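Quick note, the sequences are listed as chains A and B, same order. Just so we're aligned, residue 75 is where the first sequence starts under the working numbering, counting upward by one. Just so we're aligned, residue 326 is where the second sequence starts under the working numbering, counting upward by one.
Derived by calculation from the structure, the hints in this document are not laboratory data. Hints may be right or wrong, so weigh each one.
Examples of chain B residues toward chain A, derived with CB under 8 Å [claimed, not checked]: (1) Asp381; (2) Val638; (3) Gly651; (4) Asp681; (5) Val880.
Short derived list, chain B residues pointing at chain A, Cβ under 7 Å [claimed, not checked]: (6) Thr328; (7) Ala329; (8) Leu331; (9) Cys378; (10) Glu450; (11) Met459; (12) Trp460; (13) Val468; (14) Pro524; (15) Thr535; (16) Leu644; (17) Gly646; (18) Glu650.
Some chain A residues well away from chain B (every beta-carbon gap over 10 Å; in silico) [stated by the list, open to error]: (19) Ala93; (20) Asn163; (21) Ala230; (22) Val262.
Everything numeric in this text was worked out from a predicted model, so none of it was measured. Glycine included, C-beta positions come from ideal geometry on N, C-alpha and C.
Listed below are the residues making up each chain.
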Amino acid sequence: MIRHTWTAVRLFVLMAILAGFIYPAIVLGISQLTMAYQANGSLVHYHGRVVGAKMIGQSFTSPKFFHGRPSAADYNAAASTASNLGPSNPALVKEVKASLALVLKQNPGLRASQVPMDLVTSSDSGLDPNISPQAAYLQVPRVARANGLPVSVVRALVTRNIHGRFLGLYGEPRLNVLELNLALVSLVKSNGS
Amino acid sequence: MATAVLLGYGLLIAILTVAAWYLSRYLYGLFEEARPRGYRLWGWLERFIYRLCGIDPDRSVPWWRYLQQLLLFNLILFILAYALLRLQGHLPLDATHAPAMAPALAFNTAASFVTNTNWQAYAGETALSIGSQMWVITFLQVVAAATGVAMVLPLLRAFAGAELARLGNFYRDLVRVVLGLFLPLSFLLAIVWILQGVPSTLSASVVVHTLSGSLQTIARGPVASLESIKMLGTNGGGFFNANAAHPFENPTPLTNVESMMAMGLVPMALVFALGRYLKNMRQSWVLYIVTVFALVAFGVAAYAAEAHGNTIVHHLLGLRGPNWEGKETRFGIGDSSFYATFTTAFTTGSVNAMHDSLTPLGGLVPLYLMTVNSVFGAVGAGLMNIMMFLIVTVFIAGLMVGRTPEIWGKKIEAREIKLASVAMLVHPLIVLVPTALALTNPNALASIANPAFHGLSEILYAFTSAAANNGSAFAGLNANTTFFNLAVGIVMLLGRYVSAIAMLALAGSVAVKKRTPVTAGTLKTDTLAFGWTYVGVTVLVGALTFFPGMALGPVAEQLAMLAGRLYG
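Using the sequences and the hints given, assemble the complete structure.
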């Protein structure tokens, strides 16, 4: 039995070195040398500053920006989390109701039935970087007014930034809110000058 | 939209079928040949490992010795993983400054990752150091998956051979599966995923200045190398708390599809490997067809329920549309529903949408798939369950037609039936008893997040997930309590090893039997008629044992939802 245990312990040590150390180390080495941008989290630079990570949603509350989805993590990218509210939980109805009221207040003239569900429900990660095209179009009048831009220009900006389904089959049409807002900032600057 | 989703999944399953078919040919060689394909790449490493460990790979051993090797190795994994988690703060690569795990949580986590379950009662970003993510989590995901594959090999050899006393060598099978299957595939997949944006760095986080002018700390780390083995080994434990919904774990619809393929690849290939062992591919195709049918049917059911949406929200707030709560925009309703189906069918347990926020019927699908635990199932353990249900099916069919049951030329007698029954019945036993205990324990009830029927579903789901070694959760439940850490931990261990012990004993008992010649009176098991009977038996067992719990949880909640009733 002792001999068998000694064999198993040695195998454990070798496997731990191989699968728990050498394997991740090789992946780390190759990726840092050849794909450093992705390997470090696809960080987005703007005017020499790191303003975010392409895939990670961030909080936008100013009327000048397009807003993302409600987040149970409050867009804290060091603590991803979801609401975990069940479908018949009164707390879910309360939260969706509050989100809806906010959307309707910020974007006057809309009816509830025109608001897409993704804009009033919270995502799984709490860091969802995307919104649906409907959720973006709905914010166009507000964003245009707040930035002093023509509605048609902002609408065209939204259309340009839509990512389609992969192969037309997988995923959903969507916009990356950070990308969209960066494009918007550039647009405002070029219009102002 | 529904057409695109269904076409997408048709294509995905078609690609998977071809890939699994070819992989099964490779796997048979890997398991049985002295010099399989690609041996030149890693053969030297294999021989080196045997020499250093004093393993004689050619020494085939009886079933009980194989079991002893397996249990001993897993025990050492468990003890040392526990120790590493307890010592976390004193080890290198602790940029997250994660302190030592508390004893109950460390017990739960070690049990979880050794048993291929990957139940996580902690949040990865804060509770684990970068080092632990590598040499505890990633490491265990590789060896626990390899243990799973090794577990089923004696059973395959027992049915393939006749009058066998020895069924292989566990250490050899384990090392080969690690070197020849999981490490090379994980490496390739990790590189593919980094290209699409999955991070791979030793730096634990970066602080950015957001456009709105505030600071955002973004957690990252060696994610890619963990992610790939997590899927390929049907492990499921994520780097981050949000698991495969986190944009760094699963950044695009393409990585999502690739994840689903990675989950399905090895379990499906093992079903084809069964046919290669038996020299009867027809048998594999029959099992494959009926199981894929179940997979698609449940996927469509979940999708329909989620697309229909939350009728309470519709009625009370005047909103329209599907159930988006707890889902990510890039995946949407279709890819989230099918992912929930795949992750529980293949017993991975990774989630890209919160199962707790699924509609009641949408949540019933993953729950049901875990009670059956054989719609392909996890790597190795799934095929073991399939074979267990097949043996029960020939027994029942044999009773109906009045013949001695036999399968693949081996008589199934009292001893085999007893062992298969133990493997079958332990599952409901270790789900329902702990659920009942939890429901009578005020401390456990305090962990419930959602009121009324849904709260019962949370607890039932937790123990079903643990017993099926799945690892997904109705995650509103606060599982990081002494009660749940211990109870779930024990259930995971029983779920993994009790049925493995019974099925390895069954392998030993079948292996020594003579092969009985096929006659006109032999019940054919490679026909679709038998295939559907097999499905019927799995449904019957599930319905008889789990229906009351499901009726009180998801079914009752669905009826209440349709009636527009809120509770709590």
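Status of each hint after checking the structure:
1. Asp381: violated (10 Å)
2. Val638: OK, holds: B/Val638 within 8 Å of chain A, min 6 Å.
3. Gly651: holds (5 Å)
4. Asp681: Check passed: Cβ of B/Asp681 comes within 4 Å of chain A, closer than 8 Å.
5. Val880: Violated. Min distance 13 Å.
6. Thr328: violated (10 Å)
7. Ala329: Hint on B/Ala329: holds, closest Cβ of chain A at ~5 Å, below 7 Å.
8. Leu331: It is violated, given that the least Cβ distance between B/Leu331 and chain A is near 9 Å, above 7 Å.
9. Cys378: holds (4 Å)
10. Glu450: holds (6 Å)
11. Met459: Check passed: Cβ of B/Met459 comes within 5 Å of chain A, closer than 7 Å.
12. Trp460: Status holds, d = 3 Å.
13. Val468: Hint holds; B/Val468 Cβ to chain A Cβ min 6 Å, cut 7 Å.
14. Pro524: holds (5 Å)
15. Thr535: It holds, given that the least Cβ distance between B/Thr535 and chain A is near 5 Å, below 7 Å.
16. Leu644: Because about 6 Å separates B/Leu644 from the closest Cβ in chain A, which is inside the 7 Å limit, the hint holds.
17. Gly646: holds (4 Å)
18. Glu650: holds (4 Å)
19. Ala93: A/Ala93 not clear of chain B: closest Cβ-Cβ about 4 Å, inside 10 Å.
20. Asn163: With a cut-off of 10 Å, A/Asn163 comes too close to chain B, as the shortest Cβ separation is near 5 Å.
21. Ala230: holds (21 Å)
22. Val262: Given a closest Cβ separation of 12 Å, the condition holds.
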